[in-house]
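Read top to bottom, the protein sequences are chains A and B.
Counting from 1, position 240 in the first sequence corresponds to residue 240 in my numbering; the numbering is continuous, with no gaps.
Counting from 1, position 44 in the second sequence corresponds to residue 44 in my numbering; the numbering is continuous, with no gaps.
Some hints here could point you the wrong way.
As the list claims (entries may be wrong) - Only pairs whose alpha carbons sit at most 16 Å apart, straight line, appear in this in silico EDC-like list of lysine to aspartate or glutamate:
#1 A:K36 / B:E106
#2 A:K109 / A:D237
#3 A:K36 / B:E111
#4 A:K262 / A:E16
#5 B:K90 / B:D170
#6 A:K108 / A:D264
#7 A:K108 / B:E98
#8 B:K198 / B:D170
#9 A:K109 / B:D175
#10 B:K90 / A:E3
#11 A:K40 / B:D104
#12 A:K109 / B:E98
#13 B:K90 / B:E57
#14 A:K109 / B:E176
#15 A:K40 / B:E106
#16 A:K109 / B:E57
#17 A:K36 / B:D104
#18 A:K108 / B:D175
#19 B:K90 / A:D5
#20 B:K54 / A:E3
#21 A:K262 / A:E3
#22 B:K198 / B:E57
#23 A:K40 / B:E57
As the list claims (entries may be wrong) - Just a few of them, taken from the derived set where beta-carbon distance is under 8 Å, the chain A residues facing chain B:
#24 Y23
#25 N37
#26 K109
#27 V112
#28 D144
#29 H145
Hints listed in this document are in silico derivations from the structure and should not be mistaken for laboratory results.
All C-beta atoms in this analysis are idealised placements derived from N, C-alpha and C, irrespective of residue type, glycine included.
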Amino acid sequence: MVEYDSAKSSPAIIDEFVQLIRYRDLVFLMTGNILKNRYKRSMLGIFWMLLNPLLQTIVLTIAFGTMFKSSLSHYAIYLLSGLLVWNFITQTTQYAMGTMAYGGGLLKKIYVPRATYIVAAVGNGMVNFFISIFSLIIIIIFLDHPLGAAWFFIPISILILTIFTFGFSLLLSTASVFFTDTLDIYQVLIQALFFLTPIMYPLSILSPELSQFLAWNPFLILIEMFRTPIYANHLPDTSLIVNAVSLAFTTLLAGWIAFTSKADQLAYRL
Amino acid sequence: MNTTVIQLDNVTVRFRIPHEKIPTFQEYAIRWLKRRSISYTDFNALNNISFSIKQGETVGIIGANGAGKSTLLKVIARVIRPMQGRVFLKGRVAPLLELGAGFDYEMTGRENIFLNGAVLGFSRRDMANRLERIVEFAGIEEFMDAPIRTYSSGMVARLGFAIATDVQPDVLIIDEILSVGDTDFQKKSAARILHYHKNGSTILVVSHNPDSIRNLCSRAMWLAQGSIKMAGPVDVIMDQYSQDSMS
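One chain only, chain A, in its complex shape:
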């Protein structure tokens, strides 16, 4: 028989995980519903997800492609592979924060694992990411970009990216419940960070001092890890992989601890 004891339950870090497993069907349904709701009403449906990055790439390639012609041969691929990672992380985190701050009403009405929303947001982000990868494939075929054995690393980098994004979403969502302007501040910050991250330009155009400083930019590490096998056809440096993996797991651990330790306060705060 099910028992609930508010005083004796296992630590929140573990309990939330157990509950998520128990409510896994809810997580899947929610993820599916976000996608369904988003694309049901537009005629082009899923093609928007392809078209959006494609158009973005074409416009930016026309604008900046000639500028980096000598240093970046297939500029469109360099650009888009970075852009996909950037969009995945920033869109997922913003969505997660939005659902917690505005859609969290359910948490005040009935018990569901609090992390359900975050997991569903990340699931939704992953599906969008996979679909937008097709736009990259289209450009790769169009430019006749060579394929290589290093491509087998791509699933691993997606996994690392997802772990980071999940942890980051947990951290930001916790903050957004306590400070309602977190999302606004975050949007301003990432807009600035977009230009400080070598997505549209090669790292080599920056002064050595600045590029050394940018080595601490977590987005740069993750983008480089995803981009290198695709664009340069070789594996990322071992040190880069180690950095990315430790970054991802540290963020996840920090996010999970922050979120679960504050989870009981969510119903009071929302």
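Since the structure of chain A is already known, use the hints to place chain B on it.
This is chain B only, laid out in the frame that chain A set:
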């Protein structure tokens, strides 16, 4: 039949109400610069509540608005964890606090049955087996595949009730919902609740209607300002309560 299913020991729920605007980083920064701290009022929604309910009992909770009735039900339904004290519960709880919590109005009735079922903690396979029975009880056969934004509010409530009460729960928590749908459906839903009660479900009701408490409950608990003012046999408490509200 004599096992305790619900037990509360010294449960306190405190809400913190800030005096100023909603909390933002901006506010904090301004306050910090001005060297002022943010002031709060602490408000005890529930104050040292202790009681226990045995299996099969029906308990009515009464009290004025803001006495803490809904908070008490939420603590028992696990929605909020008490700041102090202990809540102990045995068995599966069907909370009829918010019928159709998590309903997505753009989705069809069928999709929402699965969604709401998942919110209540049932698996997809479980819900697939119960689909027909739920639809029949709610009486929405023809509208199954229409988005529920096209439903009347009565239909939505009927569907919510049908999902939440489809299988017999060990504990049924009811917040003022004995008036779901039309007269026919009210009879049907009351019959279902009574049937579960006969089969051993424990029932907890909040209502402002003295008659429905008297009819359904054997015991009553009177809440005032977050504390138990009186508790005992339903007739005694209800007589006192109506006398008190007369004067």
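| field | Broken hints, by number | value | 2, 16, 21, 23, 28, 29
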